[in-house]
Amino acid sequence: MDLAFTKEEQAFREEVRSFLRDNVPPDTRRKLVEGRHLSKDEMVTWWRILNKKGWGVSHWPEQYGGTGWTSVQHYIFNEELQSYPAPQPLAFGVSMVGPVIYTFGNEEQKKQYLPRIASVDDWWCQGFSEPGSGSDLASLKTKAERKGDKWIINGQKTWTTLAQHADMIFCLCRTDASAKKQMGISFIVFSMKSKGVTVRPIQTIDGGVEVNEVFFDDVEVPYENLIGEENKGWDYAKFLLGNERTGIARVGVSKERLRRIRDLASKVESGGKPIIQDAAFREKLAACEIELKALELTQLRVVADEGKHGKGKPNPASSVLKIKGSEIQQTTTELLMEVIGPFAAPYDVHGDDGSNEAMDWTAQIAPSYFNNRKVSIYGGSNEIQRNIIAKAVLGL
Amino acid sequence: MDFDLNEEQRLLKDSIDGLLTDSYDFESRKKYMKEKGGWSKAVWGKLAEQGLLGLPFDEADGGFGGGGVETMIVMEALGKALVLEPYLATVVIGGGFLRHAGSDAQKAAHVPGIVDGSKTLAFAQLEKNSRYDLFDVTTTAKKKGEGWVIDGEKFVVLNGENADTLIVTARTKGERRDNSGIGVFLVPANAKGVTKKSYPTQDGLHAADITFTGVEVGADAALGNPDDSLALIERVVDEARIALCAEAVGLMDESLKSTVEYIKTRKQFGVAIGSFQSLQHRASDMFVAAEQARSMSMFATMAGDFEDAKERSNAVAAAKVQIGKSLKFVGQQAIQLHGGIGMTMEAKIGHYFKRLTMIENSFGDTDYHQRRVADGGGLI
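These protein sequences, in sequence, are chains S and D. Counting along the first sequence from 1, when you hit position 347 you're at 1495 in the working numbering, and nothing is skipped either side. Counting along the second sequence from 1, when you hit position 209 you're at 395 in the working numbering, and nothing is skipped either side.
Keep in mind the hints are simulated off the structure, nothing from the lab. Keep in mind that a hint or two might mislead.
DSBU-like cross-link-like pairs, simulated, lysine-lysine; straight-line CA separation at most 30 angstroms [stated by the list, open to error]:
1) Lys-1188(S) with Lys-1259(S)
2) Lys-1258(S) with Lys-1289(S)
3) Lys-450(D) with Lys-1415(S)
4) Lys-514(D) with Lys-1421(S)
5) Lys-450(D) with Lys-1328(S)
6) Lys-1432(S) with Lys-1289(S)
7) Lys-1539(S) with Lys-216(D)
8) Lys-1539(S) with Lys-514(D)
9) Lys-1522(S) with Lys-514(D)
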C-alpha cells in the first residue's frame, strides 16, 4: 500500500498544469469560475486546442488517437481540468459514443466518425431518456422501422443536453416491439440536420437552457447507421454508461468550489468580521472538505484498482462515487449560497444566445445552486444507485 | 499509488483472520470476558506465538519491523472479531511510547515482555476535567533526588486493572493547560501509592480509575524529555486514533455483513424483509458510509508516516471525523434493521454497536476533531 504519486506522475501533473496555464483562454476560465455559460465557439475552440496537443480523446486506444496513459494519469488529467477549471471534453462524443463505435462499430463507421469526434467537427448529443422513460430507460418507445435500406424513426427524446449545438445524435430506438423490453432496442446514429428532427429547448430552474426535447417525425436514416447488431442496443448502452465510472465523482470540481468558498468567506463580512471567522461556518466547511477527502481516496482506490486489475471487474467502491460525488457538489453550492447571503437574489436575464453576462458574478451563485440539484438525478438517480448497490454489491 | 496488500501483508492478514476464526467466535468471547481482567491469557499467548505482539517493534529490539499498514491489518481483524485483549493499550500505545522515546535500557526492560506476551501495559492519561485535550494535565511529577514523585488521578485507563506497567502523563512544570512542562513516566502498577478502582466498560472491555499518591519512581522512569513531551504524546495518540479507525472499519464491515445476512433471512409478510426497498436503501447507505470510512482509515494509516506533525494531526483528525460519522450511522442502522433482536445482549450485533459507540468517544469525538480541522485551516 502506497498513497504517494510517483515522481513521473507528479511531473505529469505539472505538465498538465502548465499546459492549462498557457493554453486555456482566460475568458473561458473566468466564465467557468464565475458559473457563467460558455458559447459553443468558446467550447469548441478550447477542445480543438486540447486535441491539437493530442489530449482530446486521451482514454481512447492509441490507434484512434488516444494517449496510452495509465489510469492514474487519466485521473490526474481530469482532476487538473476540473480544478483549473477548464471545460472537460464533450462527454457525449468523447466518453460515450466514441468508445461504443470503436468497440462495436465496423471499420467504415470508425473511419467516418472517430476523427470527427476528436476534432469536434461533429458535436454529438445523447438520445436516451424519453418523457415516459427516465429511470426505467428500457421502456423507451421511440421506434425505428426498417424500410429497404433505411430506418424510419418516430418518437421523442428528452433531457437532451446541448442538443441545440449538436450535429449528430446517438439514439436508442425500439426495433422489435415483440421482444422483451431490453431485447428489442438498437443503437442508431444520425444527423441532427435530418428532415423531421425538431429541437425544443427546456428552460431549467436556474434560468438556463442546457437541455432540450427532441422530436422525430418520419426521420429517414440510412440502414448502415446502425452500430453493432440489431436489437443489441441495450448492451451497448450499458457498456457506455459503465465506461465512465470515476469521472462522475467530479472531485476536482468540488475542490475548486471549496477553494472559492474559503476565499470568498474571508472577504464577505457577517457580524462585522469575515464569515470564515465564524466557528459554525468554519466547521460546516471543514465537514464538507473531510467528506471530499474521503471521496477522493475512494476514487483513488477505484483508479488504482483499475490500473492494476483492469476495468473488467468493477470495484464495489465505484458505486459510492456517484452518490457521494453528487451530494458533495450540492453541499458546495449550498455553502456558496450561505456565504453570499442576501446578494444571491439578483437574477441575470439570459441573452438570446444563452449568455449571462449582464450582472455581477454573484448573480450566478443561486443559479448554480438550483442547477446542481440535477446531479443527484441524472446519470442514474441516487435512488437507482442505491438499488444497484443493494442488488449488485450486497446481493439483496 | 497502490492500495493493495503485498504478499507478506496478505499472509499476515490470513494468519490473524485464521487465528481469530478458530478461537474467537461469539460464544468463546463470552467466556473470555469472565476471566480475570476480562480477557483471555490463552488468546494473548497465541497472538504472541504468531509474532503479532512484536509486530511494530524493530528487529533489533526483538520485533518484526512492521509499519502502519501491518497495524491496520491487525486492528481491522481485531475489530471484525470484537476482540477484548489489550492490543491497543499494550502494543500500539505502550509500544508506541517505547519505540519513539524509549532509551535502550527502557526498551530492554519492557519490549521483550510485550513481545512474548508475559507483560501488558496501560496508558494513564485522561483526567477528571481534561476531556480530549492532551495538554490539559494536572497530575504532577516532582523531582526528588534523581527520581520523581507522582501525584494525581487518572480515569478510564483501559487495561488498567491488568497492566504490569502504567504509562502516565504528568506535569513537571507550568500551569494546567500549558503545552510545555508535560512528561511521560513508566510506573510499575504495583508501586507503592498506586490505588485502582477497576470496572468493566460499556463495550465489555475493562478499565480502571487510578490514583497516584506520592508514587516514587527512578530517574529512568521518564520516557523522552520529562519537561517537553507533548509532541511525543500527540504522536502516539495519533497512532492510537489511526488504530481505532482501522478497528472501527473491521467492526463496521462485520456489522454490515451481519445486517445484510439478517434481512435476507428474516421473513415478515411472507417475504424476506431485505426485499423491501426502504431497507435496501438503508443497507446501501451503510455500505457507502463504511467505504468512506475505509478510505479515510487508509489515509490515516499513511498519514502516520507524514514528516510534518501538523499535517499528520490534521489528516488523522479528518479520518476520526469520517469514522465517527460513519460508525454512528452504520451502528445505529444495524440495530434498527435487526429490529427487536438487535436490542438484546444475546445477539452479536448489539455488542458491535457498543464497541463502535465507545470508539467515537475515544481520544476525541467527531465534533472535537471537526473543530480541529476547521481551526487548522481546512483540508483542501
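> Are there hints from earlier that the structure breaks, and if so, what are their numbers?
Replying inline: Per hint list: 3, 4, 6 and 7 violated.
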